[in-house]
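Visitor: In order, the protein sequences belong to chains A and B. Count the first sequence with this note's numbering and you get residues 1 to 95, in order. Count the second sequence with this note's numbering and you get residues 96 to 589, in order.
These are calculated hints, taken from the structure and not from any lab test. Here the structure is a predicted model, which means the values were calculated and not measured. Everything hinted at is true.
Straight-line C-alpha distance at most 35 Å; calculated DSBU-like pairs for lysine-lysine:
#, chain 1, residue 1, chain 2, residue 2
1, A, Lys75, B, Lys448
2, A, Lys18, B, Lys195
3, A, Lys75, B, Lys336
4, B, Lys522, A, Lys18
5, B, Lys101, B, Lys247
6, A, Lys64, B, Lys561
7, B, Lys135, B, Lys587
8, A, Lys20, B, Lys195
9, A, Lys92, B, Lys180
10, B, Lys336, A, Lys64
So the chains spell out like this:
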Amino acid sequence: MSVDADIVRRIGHLARIKLKEENLQGLAGELNTILGFVEQLDEVDVSGVEPMTSVIPSTLRVRKDEVTDGGYSDKITSNAPISEDGFFMVPKVVE
Amino acid sequence: MSDLIKLSLKATRDGLKNKDFSAVEITDSYLSEIEKSNSKLNAYISVEAEQARVMAKASDVKLAKGQGGALEGVPLGIKDLFSTKGTHTQAGSHILDGFKPEYESSITTNLWNDGAVMLGKLNMDEFAMGSSNETSYYGAVVNPWRAKGSNKDLVPGGSSGGSAAAVSAWLCAGATATDTGGSIRQPAAFTGTVGIKPTYGRCSRWGVVAFASSLDQAGPITRTVEDSALMLNSMAGFDKKDSTSVDISVPDFATAVERGVKGLTIGIPKEYRMEGMPQEIETLWQQGMAWLKDEGAIIKDISLPNTKYALPAYYIVAPAEASSNLARYDGVKYGLRVAGGSIDEMYENTRAKGFGAEVQRRVLIGTYVLSAGYYDAYYVKAQKVRTLIKRDFEQVFADGIDAILTPATPSAAFGVNDQEMKEDPVKMYLNDIFTVTVNMAGLPAIAVPAGKDGSGLPLALQIIGKPFDEETLFAAGRVIERSANIDFTPKKWW
Numbered sequence: 001m002s003v004d005a006d007i008v009r010r011i012g013h014l015a016r017i018k019l020k021e022e023n024l025q026g027l028a029g030e031l032n033t034i035l036g037f038v039e040q041l042d043e044v045d046v047s048g049v050e051p052m053t054s055v056i057p058s059t060l061r062v063r064k065d066e067v068t069d070g071g072y073s074d075k076i077t078s079n080a081p082i083s084e085d086g087f088f089m090v091p092k093v094v095e
Numbered sequence: 096m097s098d099l100i101k102l103s104l105k106a107t108r109d110g111l112k113n114k115d116f117s118a119v120e121i122t123d124s125y126l127s128e129i130e131k132s133n134s135k136l137n138a139y140i141s142v143e144a145e146q147a148r149v150m151a152k153a154s155d156v157k158l159a160k161g162q163g164g165a166l167e168g169v170p171l172g173i174k175d176l177f178s179t180k181g182t183h184t185q186a187g188s189h190i191l192d193g194f195k196p197e198y199e200s201s202i203t204t205n206l207w208n209d210g211a212v213m214l215g216k217l218n219m220d221e222f223a224m225g226s227s228n229e230t231s232y233y234g235a236v237v238n239p240w241r242a243k244g245s246n247k248d249l250v251p252g253g254s255s256g257g258s259a260a261a262v263s264a265w266l267c268a269g270a271t272a273t274d275t276g277g278s279i280r281q282p283a284a285f286t287g288t289v290g291i292k293p294t295y296g297r298c299s300r301w302g303v304v305a306f307a308s309s310l311d312q313a314g315p316i317t318r319t320v321e322d323s324a325l326m327l328n329s330m331a332g333f334d335k336k337d338s339t340s341v342d343i344s345v346p347d348f349a350t351a352v353e354r355g356v357k358g359l360t361i362g363i364p365k366e367y368r369m370e371g372m373p374q375e376i377e378t379l380w381q382q383g384m385a386w387l388k389d390e391g392a393i394i395k396d397i398s399l400p401n402t403k404y405a406l407p408a409y410y411i412v413a414p415a416e417a418s419s420n421l422a423r424y425d426g427v428k429y430g431l432r433v434a435g436g437s438i439d440e441m442y443e444n445t446r447a448k449g450f451g452a453e454v455q456r457r458v459l460i461g462t463y464v465l466s467a468g469y470y471d472a473y474y475v476k477a478q479k480v481r482t483l484i485k486r487d488f489e490q491v492f493a494d495g496i497d498a499i500l501t502p503a504t505p506s507a508a509f510g511v512n513d514q515e516m517k518e519d520p521v522k523m524y525l526n527d528i529f530t531v532t533v534n535m536a537g538l539p540a541i542a543v544p545a546g547k548d549g550s551g552l553p554l555a556l557q558i559i560g561k562p563f564d565e566e567t568l569f570a571a572g573r574v575i576e577r578s579a580n581i582d583f584t585p586k587k588w589w
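Bound conformation, chain B alone (with noise of 0.2 Å):
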């Protein structure tokens, strides 16, 4: 194994930059290591070898100049979910059959305007519903992390689970992925990576595959903060094509990223000391606190009383949105089309043969509480209850608190083809329970590794912030990894 994919994100820039490497010997070094790795974690679904190559040769004439953009020559993968011209695009699903979009996502432009490479696109559950990417048509991706002592296949989370798990096993430098309910969060607590949703708004929803528009929020998972930093400030920015982008200037966020956390005043909300938390979760939380109070920060307990709402209100919402952004799979425009005797007959039987179990029980969900006569009962309601979450935070924010400490995750990752998940759906759900708040109430939160459980598997972290105060996130991420300055390097078994 080349020891230039081991870099960091910053370490890989600053070095192409210094000439000490080459962006197609780097891009060359990823390329080689996922031709070795990439069967046993199943984390591209798609490698665009031949492209990353060109557009590494591109960099390297303007390396060579002393130009090049942010993230010149730093070689990336893209969830599936992006749009990217003329390759693989299919929001890990069978519908999309061979789709290549004829256009580019907003913020893969910005991207690749910064100079980065892309290397391929990454497994994902289909179309971002799941929180252990076993849902994908194109199976599940096993995370590079197992328990000490087992050879068991674990889940790295999910929706962005490819994107997770190509980080942490050192398959690209950094990711894109996406966040509905946890989908960028959770996957990193699962690997040991740094996962941040930013505030609704800050990074353009043009030409990234829609789940739940209202709660959709692209972000880059990376493996230290400083880098989410650095990705971020490249994706980031007004986008006029997508009307919910919001006009606001785009911070340097990794001038935050060393600021420290002294005077700040973090909020523990006492909502969150779930039943049945296992004691680990709150020692490690309780860590998590004392690590902040001794950098200078005021630890003060808030109260959310809406908390435990979120996550049912969550499961209208989202899939109400979901069935009507998926009506457009229907055979017609893209995708795989299976006949039938009059266009109903074969918009039903495309869409039951291209969706898979999940996002077909979401769609019949959301067609169920958005049908006449129960729209009032169940979306209505829903949306009211997010008024009250949001209104919870509003109010903590408007009593002093900067940021919210939470952890992450109800627990470490969980193993492939977990029976009791697979048999309640709400099992999985809960997954999301510390993530979805922050989703509904359009907030930004980062997730950073902060501990590892007893059998040796990472657990992470959340902080909470204003909206588009993605600095403060950064600042407190970073103290946390500093203080926990532990080495999450998966032991590679691959």
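Here chain A stands alone, though its shape is the one from the complex (with noise of 0.2 Å):
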């Protein structure tokens, strides 16, 4: 499986990062070269194997549905580069 400019540019809007159209032939170097690497893993036979889902066995841990925190959305939103009235501002996104 190998990756062009065309892909690379799909990728990068499901990323949500503006790629420069000059960039996406070099990207799709670079990306082809860690795919290549990462092709070693066809070698490995996985029938029967369970894919990971935890390094150490574990359950999640249950508590009981209840509010143990907030209250406090200027603190949240202290960082926003704008907020309002404890909102995060955006731009608009209804007409």
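Build the complex from these two chains, which are given one at a time in their own frames, with help from the hints.
Guide: Put into structure tokens, the structure is as follows:
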């Protein structure tokens, strides 16, 4: 499997990173080098092997479903580039 | 230079307790050394002098009354990946411009509760993605070590390059670091310092900026094995705020340090004898086996057949998790924002400007391997290979192996701006060939300086342990440190 400039442009969009047209070819080359490297895994027989979900045997802890934290929207928005009245501000999304 | 800063963390702690010097005194010594040296080494990206003095004064009050925690008054550097309330926290990235968290990471909370003093935030590869500290938005860190007769700047390794350089150059008594594929152990190896990556789940990840959540684990970088044990004792512990934190008691690691290796069976995995490995690495490895044997350990050849697949599997798992974790940097909640006509354009512009080239590359790879149609071929396959890698280790431990000895890195520190590594990202990734297996299997491992290469640069050995058996690593690491008996202080040129 290898990627070309068109695929890189599409991945860039999925990743929400604006890529410069003149860099697409170079990036495709770099990504193909990495994908070529990981292709070694094709040699491994993984039939009947379960994919790892956790390195340490554990079950997720559960707790009572109740409010344990919150009530400080000022703190949560204190680092926002633009905020107003405890809300994050974004460009208009609904016409 | 004040001699106080050359003390080990243990000697610092004991000297403070005995009132041989005060916390303010040693904190000021470090701050003045940072002021003199940091422009050359670039280890700190933010120095918190005022806060450090406030913390030191508070420690002196406690120490005067004979009170205080296990690290009372000990000045530490903190990797920029750890959230520290009200102070610079940017993960070495431009995208978190101006971010000052409203909260404190659990690990640094533990350290402050034990009385430690924060000197400032340490440089690192952007979002911990790198093996040379050159991907930092704040520029490369320079290794305090130089090859004999050379003025060439070397890298301190990465991603915890600032932590390793600061510890080696006496800019802090110890430093926090994190390790996703080797980011504690490789920089420790490159700077003649000691670095341990504890078992996954030993240290809380809460408040540590996430790179690859199933692999990330924090640990200390220090000047000695004993210091490593003392600092890990303060960092480790169960935390209900991290769902992968393991509820298991933390032993007193320091008491294990002088325990020795008599009767332990140490495995030597043949797969770590890589093609083209320099002779001096092989020699060092043999020397390490001899040292452990001399102290009563049994050396046994073992096989970990899936070793060579760890790095390729890592370069699927880590970017995949990174692409997901880094989705939160969107110009809305914190940090940098670059305007755009629509919200999508704003996202795209912000992330294009805020992420450096290596981070973009990994997010793109991660997005690709997780995209529709490729998920099974890449991500699921890699997680299956990971099961096999872990099984290899389980097998040898079940067969009676207590710990595994390997080289820590395939070479000593290389030059800043290495042309070959720049042209081929995979060449840079190969730095982690000996360290990455451990992250894939969630095991603990320590890097201990053990020798020098032909040009006088430090080389390290790695010891890998069973889950939650960091104690054996400290014991075996101490044997290597004591047997090597080499002075790992760099010759000051800066």
